[in-house]
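A.B. asks: On the provided structure of chain A, position chain B as indicated by the hints.
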Amino acid sequence: MKLWKKIRNLLNREAFDRDLREETRIHREMAEEKLNQLGTPKEEAHYAAMRAFGNPTLTQEASRLQWAFFFESFVQDIGFAIRMLRKSPSFAAVAVLTLALGIGTNTAIFSVINGVLLRPLPYRDSQQIVVMKENESLPNVTDIQRHTNAFSVGGAINAQPMDYTSGPEPLQIRVGLVNSGFFETLGIAPTMGRIFSEAEDVRGGPRLAVVSYPFWQSHLGGDPHAVGRPILLGGNSYAVIGVMPETFICPREHADVFISLWVADPNTAVDRDVHFLHTYWRLKGGVSLEQAQADIATIHNSLAEQFPAEEKERRMQLIPLRESLVGDVRPALLVLFGAVGLVLLIACANFASLLIARGFARRQEMLIRAALGAGHGRLIRKLLTESTLLSFSGGAVGLLFAHWGTRMLLALTPAELRWLNGIQMDSRVLLFALAVSILTGVIFGIAPALLAARTDVAAALNEGGRSKTASAAGHRIRKILVTTEVAFALMLVVGAGLLMKGFSHLRSMNPGFNPTGVMTMYLQLPTTRYAEIPKQTRFRRELLARLNSLPGVRIGMITDIPLGGNYVEYDFVIDGRAPIPEGEEPKVQTLSVMGDYFRVMQIPLRAGRDFTGMDREGQPLVAIANEEFVRQFFPGQNPVGSRIRWARDTGPPRWITIVGVVGDVKHSGLNQPTDPAVYTPFPQADEAWKRWMTLTIRTDNSFSGLVEQVKAQVWSVDGQIPVSDVQTMEQRMAVSFAQQRFYMLLLGAFASLAAILAGVGIYGVVAYTASQSTHEIGIRMALGGQRRDVLRLIMAEAAKLTSAGILIGIVGALALTRAMASLLFEVKPGDPVILAAGATVLALVALVACYIPARRAAQGDPMVALRYE
Amino acid sequence: MEPDFLPGTLEMLILQTLSRGANHGYGIAQHIQQISNDALKIGEGSLYPALQRLLMNDYVIAEWGVSENNRRARFYKITATGRKQLSQEKRIFNALLVGIARVMETP
Numbered sequence: 042m043k044l045w046k047k048i049r050n051l052l053n054r055e056a057f058d059r060d061l062r063e064e065t066r067i068h069r070e071m072a073e074e075k076l077n078q079l080g081t082p083k084e085e086a087h088y089a090a091m092r093a094f095g096n097p098t099l100t101q102e103a104s105r106l107q108w109a110f111f112f113e114s115f116v117q118d119i120g121f122a123i124r125m126l127r128k129s130p131s132f133a134a135v136a137v138l139t140l141a142l143g144i145g146t147n148t149a150i151f152s153v154i155n156g157v158l159l160r161p162l163p164y165r166d167s168q169q170i171v172v173m174k175e176n177e178s179l180p181n182v183t184d185i186q187r188h189t190n191a192f193s194v195g196g197a198i199n200a201q202p203m204d205y206t207s208g209p210e211p212l213q214i215r216v217g218l219v220n221s222g223f224f225e226t227l228g229i230a231p232t233m234g235r236i237f238s239e240a241e242d243v244r245g246g247p248r249l250a251v252v253s254y255p256f257w258q259s260h261l262g263g264d265p266h267a268v269g270r271p272i273l274l275g276g277n278s279y280a281v282i283g284v285m286p287e288t289f290i291c292p293r294e295h296a297d298v299f300i301s302l303w304v305a306d307p308n309t310a311v312d313r314d315v316h317f318l319h320t321y322w323r324l325k326g327g328v329s330l331e332q333a334q335a336d337i338a339t340i341h342n343s344l345a346e347q348f349p350a351e352e353k354e355r356r357m358q359l360i361p362l363r364e365s366l367v368g369d370v371r372p373a374l375l376v377l378f379g380a381v382g383l384v385l386l387i388a389c390a391n392f393a394s395l396l397i398a399r400g401f402a403r404r405q406e407m408l409i410r411a412a413l414g415a416g417h418g419r420l421i422r423k424l425l426t427e428s429t430l431l432s433f434s435g436g437a438v439g440l441l442f443a444h445w446g447t448r449m450l451l452a453l454t455p456a457e458l459r460w461l462n463g464i465q466m467d468s469r470v471l472l473f474a475l476a477v478s479i480l481t482g483v484i485f486g487i488a489p490a491l492l493a494a495r496t497d498v499a500a501a502l503n504e505g506g507r508s509k510t511a512s513a514a515g516h517r518i519r520k521i522l523v524t525t526e527v528a529f530a531l532m533l534v535v536g537a538g539l540l541m542k543g544f545s546h547l548r549s550m551n552p553g554f555n556p557t558g559v560m561t562m563y564l565q566l567p568t569t570r571y572a573e574i575p576k577q578t579r580f581r582r583e584l585l586a587r588l589n590s591l592p593g594v595r596i597g598m599i600t601d602i603p604l605g606g607n608y609v610e611y612d613f614v615i616d617g618r619a620p621i622p623e624g625e626e627p628k629v630q631t632l633s634v635m636g637d638y639f640r641v642m643q644i645p646l647r648a649g650r651d652f653t654g655m656d657r658e659g660q661p662l663v664a665i666a667n668e669e670f671v672r673q674f675f676p677g678q679n680p681v682g683s684r685i686r687w688a689r690d691t692g693p694p695r696w697i698t699i700v701g702v703v704g705d706v707k708h709s710g711l712n713q714p715t716d717p718a719v720y721t722p723f724p725q726a727d728e729a730w731k732r733w734m735t736l737t738i739r740t741d742n743s744f745s746g747l748v749e750q751v752k753a754q755v756w757s758v759d760g761q762i763p764v765s766d767v768q769t770m771e772q773r774m775a776v777s778f779a780q781q782r783f784y785m786l787l788l789g790a791f792a793s794l795a796a797i798l799a800g801v802g803i804y805g806v807v808a809y810t811a812s813q814s815t816h817e818i819g820i821r822m823a824l825g826g827q828r829r830d831v832l833r834l835i836m837a838e839a840a841k842l843t844s845a846g847i848l849i850g851i852v853g854a855l856a857l858t859r860a861m862a863s864l865l866f867e868v869k870p871g872d873p874v875i876l877a878a879g880a881t882v883l884a885l886v887a888l889v890a891c892y893i894p895a896r897r898a899a900q901g902d903p904m905v906a907l908r909y910e
Numbered sequence: 021m022e023p024d025f026l027p028g029t030l031e032m033l034i035l036q037t038l039s040r041g042a043n044h045g046y047g048i049a050q051h052i053q054q055i056s057n058d059a060l061k062i063g064e065g066s067l068y069p070a071l072q073r074l075l076m077n078d079y080v081i082a083e084w085g086v087s088e089n090n091r092r093a094r095f096y097k098i099t100a101t102g103r104k105q106l107s108q109e110k111r112i113f114n115a116l117l118v119g120i121a122r123v124m125e126t127p
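Chains as they are written, first to last, in our numbering: chain A, 42 to 910; chain B, 21 to 127.
If we strip away everything but chain A, and leave its shape as in the complex, we get (with noise of 0.2 Å):
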């Protein structure tokens, strides 16, 4: 057997080699007797024989190579390479912590990327499943089913905060209000239980609720028997029949317990106009994104047709699942890989501009093994094994950074990112690791190998062991690669110079309010005991007058929050205006108040006057407008004593007078426009479903205890109100700059790290520039040239280069931050400022990464640069 002789070879391997050289020494002294015989003389018989024989080395290694298994050379360059890295620890060291840098951000960051943009999402067939752009009124959705040729099935659901009454203490929920579609779209079936059927979801049809699966476990003890029992949901008894898989993650919202919208709220479901609902529907097999457009496009028209008012203005427009959930976090992540993209080449260029160094330094070692016969593909392979070796390593450690950063990820990830629940190191990140490894190991261990393997064994003995070409040509490359890493630093210091300007720019924005010393809290009032609107206003009045009671503080109220992300639009007329087609009116923001908002708010009175205690319910309708209705509606006027009437109203028109303006707030986030917007005052409501406000709280004091004391007033009003979403209005401006916060930190993160790392390249070439011209500095310096000068010349190397850098990428940058466009607030990609600013960062780590390789030649002591070889 040829394996068992070869495995028998492996371990007499001592034998054979002294059999071997035994062998082809007796060779030569035979071939030598023969010349003697035929009257050579000894001497030169001897060399003769040496000559004919060849490289005695090579010919044992080819004849040990017959009995080699293949990988055997390959452990062995492993083995030496281990041996040749242990030897040099500090280059080893330096190199792999460059590379677990690149490697380890860009694993972390393809690790988000992996978990929000590739990962599968956990529906069955998800690529099925299509979003309505825009929300939907639950009889649009009615109508499309019954219409549609391009869904098996649609569902709707709008998820509300709801008073969970059978624990302990009332608790505000969010209840998603379904169709009974809606998990059937998804594709997801409850793990125990079932979910309603199309005929239980009905106006009056049984109260039943399918409860997520942490609400199971948290709310009802995880209770096998959990089907069947009671919850008390806005006051009203509901039967859990199912609980949903562990698994099973609502999208886009967050929602514990899922009811029917017909059962739960059948007037809202009737109406058309209400416009509420997130939609998704599943693509019959075959059918495709087009066509299901032209489908819905249809269906519109024909609902247009039917229900100008409701439907003229409106569109309908299909996303794909996966747009709807990321839409927004893409180009930001995409911008973010991009950037540790650049941070891995920058290491990477370190890591080659290493290795030539080190090639350098190995030129007589090379040399050597050359002489003695070893094969110039095999120096090559020996040159890659070590680079690859040093690449895995640093892809191991760039793994353990790449787990701490992930976890810091997290940490730091905006809330709309984190519930898709997918970021973690997976197989396919490992995998990636993996293959960025290999690849940075072979691509940038390449040319290094060339270089150091490029042993032309004559010429470069005869030059005393340094080939300057070589040198010369590997100097070169480093230079360029030093070149391109400032460039790709300039490029991340300008990317993330920008986002910084665009977040100073979002911090300094006037929000249009005060919020130091507000604190707000979320109630609202269930259905069972407040459907009337005069109970609703009867609760507001006796919370607010005993809330004033409380010292130092002063109260205001109002259905949504700024920056709480929610509004209502009403369509309304302008009284004396030329009549508007039904459908065509102007939208504006509708918001109720009470109490002593606008003051609470510091939100300053431009015009008129603010609400009294006297614009209350019987008494003329009144409203405050904001400036940007004014611009948009009553340009160069002054709107006080103008009237308005809400256009869906049935009935006798209800004029309502503008009594005053106030300032402009940013209602939908800081880097949002100002919508023209209506205040009115709560006991004029007109809808009984706005039964929800966010109090607002100024105090002088502490807010220590405020809570307390605040809900203590509530539960003397009414014990049964849960009271939710406790936040200063601080807190919730800091949400509110979250995102960018999170791309500024990063991009902010990643570009220091760029420029260090060009820093560390540029040192390791103008300390190998120093110690080459040692000799040169010197003679320079014993005939009499200053340090300064010295100095100078070394220097002169660094600014050639960075400059060089600078200016390729200030380019560069041009070009590429204008892929973050989107990102950026009030910010051009092509800023000055932040150009020049980026430029400098460079200049200085250029300059101080120089400086000190040069000083130390410089302070050199000449007699010693003179003896120096």
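Quick caveat, the hints were computed from the structure, so don't treat them as lab data. By construction, the Cβ of each residue, glycine as well, lies at the ideal position given by its N, Cα and C atoms. Hints are not guaranteed to be accurate.
[Claimed, not checked] Restricting the straight-line Cα-Cα distance to at most 30 Å, the calculated cross-link-like pairs of lysine-lysine (DSSO-like) are:
#  : chain 1 : residue 1 : chain 2 : residue 2
1  : A       : 46        : B       : 97
2  : A       : 841       : A       : 520
3  : B       : 61        : A       : 75
4  : A       : 731       : A       : 628
5  : B       : 110       : A       : 841
6  : A       : 47        : B       : 110
7  : A       : 707       : A       : 174
8  : A       : 46        : B       : 104
9  : A       : 75        : B       : 97
10 : A       : 707       : A       : 869
11 : A       : 174       : A       : 869
12 : B       : 61        : A       : 83
13 : A       : 46        : B       : 110
14 : B       : 61        : A       : 707
15 : A       : 325       : A       : 174
[Unchecked claim] Covered by chain A, according to a simulated footprint, are these stretches of chain B (three or more residues, beta-carbon under 8 Å):
#  : stretch
16 : 70 to 81
17 : 97 to 109
C.D. replies: For chain B alone, kept in the frame of chain A given last:
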């Protein structure tokens, strides 16, 4: 000229040499060179690897012995498998030569 212009040729020549009797490396190289009238010169760089290949395939065996002028030397001896292999290679080689000759002789 190194006689490994066709893979396996060198092994065949070595086997043919050994079929006349056991010999050591130097002897094999000398024999081939003399018989071919110096047309075939075998470098040691290819001789010893070839011998290892033959050893591995059990076509030859090697043992240390004493040479004609009382020198220690490693003698290679052809085995039965080696003889079989040699005759098979001869057949193939002859067929090859005839084929090449035909092609070359056709104008």
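A.B. asks: Does each hint fit the structure? Answer for all of them.
C.D. replies: Now the hints, each set against the structure:
| no. | hint | result |
| --- | --- | --- |
| 1 | 46(A) <-> 97(B) | holds, 18 Å |
| 2 | 841(A) <-> 520(A) | holds, 10 Å |
| 3 | 61(B) <-> 75(A) | holds, 16 Å |
| 4 | 731(A) <-> 628(A) | holds, 19 Å |
| 5 | 110(B) <-> 841(A) | violated, 71 Å |
| 6 | 47(A) <-> 110(B) | holds, 28 Å |
| 7 | 707(A) <-> 174(A) | holds, 24 Å |
| 8 | 46(A) <-> 104(B) | holds, 21 Å |
| 9 | 75(A) <-> 97(B) | holds, 24 Å |
| 10 | 707(A) <-> 869(A) | holds, 22 Å |
| 11 | 174(A) <-> 869(A) | holds, 29 Å |
| 12 | 61(B) <-> 83(A) | holds, 23 Å |
| 13 | 46(A) <-> 110(B) | holds, 27 Å |
| 14 | 61(B) <-> 707(A) | violated, 94 Å |
| 15 | 325(A) <-> 174(A) | holds, 19 Å |
| 16 | 70 to 81 | holds (count 5) |
| 17 | 97 to 109 | violated (count 0) |
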